[in-house]
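Just need the whole structure built from these sequences, with the hints factored in.
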Amino acid sequence: MNTEKNTTSDQKVVESKSAETLHPPDSSIADNSTPTSPVRSPKRLSVSKSYAALPTEAPSPPREETKITLGHDGGDATVAVSQRQRLYQILKRVSAIVTIKEDELVVLKKLVDAEIGDVIKFLTNLEHENSPTVITDKLAFLLKNGSPSKHHAIRTELPRQHPVWGIQYPLQKIARNLEHLRSTDTNSSSLSSSPSKKTEVIVLVSSGAYNPIHMLHIRAFYVARQYVESNYKFPVVGAFLSPSHDTYVRAKNRRNPREMITKRHRLGLIEAAVASSSWIEVDKWEITRRRVLDYLSTLTHVREMCDAHFPQFKFHLMYVCGCNTVVKLSHSALRDEGFGCVTVCRPTQTEMVIKHLGKQLAKSTTIVEDTGVLPCDLERATSFRVRKALTNMEKNAATIEMMVGKPVYHYFLKHNVGAKIAGKDEWSDEDKQWRDVDLSYVEYVES
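Just so you know, the sequence shown maps onto residues 1 to 447 in the UniProt record's numbering.
Please keep in mind that the hints were generated in silico from the structure rather than gathered at the bench.
For every residue, glycine included, the Cβ atom is placed at its ideal position computed from N, Cα and C.
Treat the hints with care, as some may be off.
Restraint ranges, calculated between C-beta atoms of paired labels, are given here [stated by the list, open to error]: (1) ASP436 with PRO407: 19 to 25 Å; (2) TYR441 with CYS376: 34 to 40 Å; (3) GLU379 with GLU200: 33 to 39 Å; (4) ALA419 with GLU129: 54 to 60 Å; (5) LYS424 with ALA398: 16 to 22 Å; (6) GLU443 with LYS314: 25 to 31 Å; (7) ASN392 with LEU143: 36 to 42 Å.
Take a look at the structure:
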């Protein structure tokens, strides 16, 4: 896939901290698998600084670019460093011009820390604004609507008789986003009615055990979308979480089989996690096949499904994964099939990924560093830690809710998942069967 605006760099790594903090203290890996053994700290990369603005096709605030040399015979990687301290100074300045309530100031600081959406651009536009009325109106809009985005304006609810509602699961969210894009992006020549010219859009896909899903799985999509929409020409119109076949999850948990959450509940948990999202959906195709499938099969399925239902659009698919998964991928196969790859990791993991991939493979994926300031429990969230916390739900209730979110936590309580993982209750026959709502998608039914 060749949709990136700035192709001068071999690899892009997006970081949200100052260049002096490229090597902060170690943090846990947010991935779908259990923690791996510690990795020796690799040799530090040589760093030099330059200042530049992002491409004019994707207007963004000026960013400090840091060149990281991969080696004597390797190319350079680019680190785009945002200026969080500058954003805090802007908040301090505007709060001296207008009165900002304490709770509103807390929300604004959280938006700056999370750095999801176009909050950076939004606040830098206020840097030299002196009109109290303009500042008040813009801040009120930001607080009411959250992170603004060039591709995500305020949505008008489509009437129930609209044809979009006739689109079947799991494409309803994408259908609504495509219709919204068609109706709002009047300036785009790509929305031409000419049958020979298709509108190009991006869909993100992630797969794994999700045993169980947690907030960092969801956050990875938001971090990836923020990077993609800031650096690529086309909008992200949807994302799919594809849970793996039970056989794969059973093999991963063969030492502690009771910790394997059954397909019925893994699907239910993911649905609970994405129910409130307007663009992230669960795809049941992979989990309902007869056997374990790889990520390339899942990506091909999603592309064929989207192409078949929306022939007037050209879909570019990007596989979103963590640092544990990216080292296992076949990057040549992804490239040959026309799929992109976005690796979302924490700041301390970038050097490890580059070291394990090697100089050439490190250029074949986009590494996006998630450096948002997160609560400690969320920062350390992994499926392994969630399962361990579930063995004592009463003691760890607050930690579990922080790691997985309220809807998933309530699902745990409703279905007594913690007691079953702890071995206090048995997984029932009903727990092991498909839900009625899933049967129409199932390629096989166990006897």
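**OP:** Just tell me: holds or violated, for the beta carbon distance of ASN392 and LEU143 against 36 to 42 Å?
**Re:** Holds: the Cβ-Cβ distance is about 38 Å, inside 36 to 42 Å.
Subject >> 34 to 40 Å as the expected CB spacing between CYS376 and TYR441, which holds or is violated >> reply: Since the Cβ atoms of TYR441 and CYS376 sit about 39 Å apart, the hinted range of 34 to 40 Å holds.
**OP:** Go ahead and decide if the range 25 to 31 Å is satisfied by the Cβ distance of GLU443 to LYS314.
**Re:** 29 Å, holds
Original post:
Taking 19 to 25 Å as the hint, is the beta-carbon distance of ASP436 and PRO407 inside that range?
Top reply: This hint holds: roughly 21 Å between Cβ atoms.
Original post:
CB of LYS424 to CB of ALA398, is that within 16 to 22 Å?
Top reply: Because 21 Å falls inside the window, the suggested range holds.
Subject >> Assessment of proposed distance window 33 to 39 Å (beta carbons of GLU379, GLU200) >> reply: About 36 Å separates the Cβ atoms of GLU379 and GLU200, which means 33 to 39 Å holds.
Original post:
Does the Cβ distance between ALA419 and GLU129 fall inside 54 to 60 Å?
Top reply: About 55 Å separates the Cβ atoms of ALA419 and GLU129, which means 54 to 60 Å holds.
Hint check: no violations occur; every hint is consistent with the structure.
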